[in-house]
Amino acid sequence: KAGVTQTPRYLIKTRGQQVTLSCSPISGHRSVSWYQQTPGQGLQFLFEYFSETQRNKGNFPGRFSGRQFSNSRSEMNVSTLELGDSALYLCASSLEGPSAGELFFGEGSRLTVL
Amino acid sequence: DQQVKQNSPSLSVQEGRISILNCDYTNSMFDYFLWYKKYPAEGPTFLISISSIKDKNEDGRFTVFLNKSAKHLSLHIVPSQPGDSAVYFCAASGVGGTSYGKLTFGQGTILTVHP
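So the sequences go chain by chain: A and B.
All the letters of the first sequence, read from the start, carry residue numbers 1 to 114 under the numbering used here.
All the letters of the second sequence, read from the start, carry residue numbers 115 to 229 under the numbering used here.
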């Protein structure tokens, strides 16, 4: 069974640009979550999508957005990039459940903002 | 506010000995706890979990203990192996709408197992 696939793996952007990251969940998983990992803040929850609907959102500004398609694939977008957005962005998928349960993570997209 | 804390940034253990990683939490609404392991340049990998209705869960060399009254959990690895060297994250989840897909992670503990 293929794992969670994230693209691109690495990218470099400049301040003010926008970026789109893609995530393909494990087959059969309908929940997709996004996390930001930085050395200072650790792993922080961005948002979660299920059946194309955002069900949960973390404490990030509106510049961070996402969407999910009918095949459960998800994208996240960051507009007007800031230096502080440099981070590893992780996507995770899981089966439906009352709580987060066991999340299966991809390898991440490493974003560097110059 | 850091709701999940791993107070030891690093831990060094000899191969064959026990590794004990600790985690404290403050939110009494958390009812499901997980440990993840992360190697450099990879995403976190699920290791073991425990529900709040239990106080112990074992899976091979890995055992997680939960002390709800103390809001404390620990991960025991016995015997430790050099391949266990990684960053270990403790994570917690609640139940219900605000918990969908959301795990609250600790800052991680770097475990180094020396041959």
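A few of these clues could be false.
Facing chain B, according to a computed beta carbon distance under 8 Å, are these residues of chain A, among others [unchecked claim]: (1) Ser-31; (2) Ser-33; (3) Leu-43; (4) Phe-50; (5) Glu-52; (6) Arg-67; (7) Phe-69; (8) Leu-90; (9) Glu-102; (10) Phe-104.
Rough simulated footprint, nothing fancy, chain B against chain A, three-plus residues with beta-carbon under 8 Å [to be verified]: (11) 13 to 22; (12) 105 to 113.
Rather than coming from a laboratory, the hints here were simulated on the basis of the structure.
No residue lacks a Cβ here, since even glycine has one placed at the ideal position from N, Cα and C.
Worksheet item: Of the numbered hints stated previously, which ones are contradicted by the structure, given in increasing order?
Response: Result: hints 5, 6, 7, 11 break, sorted rising.
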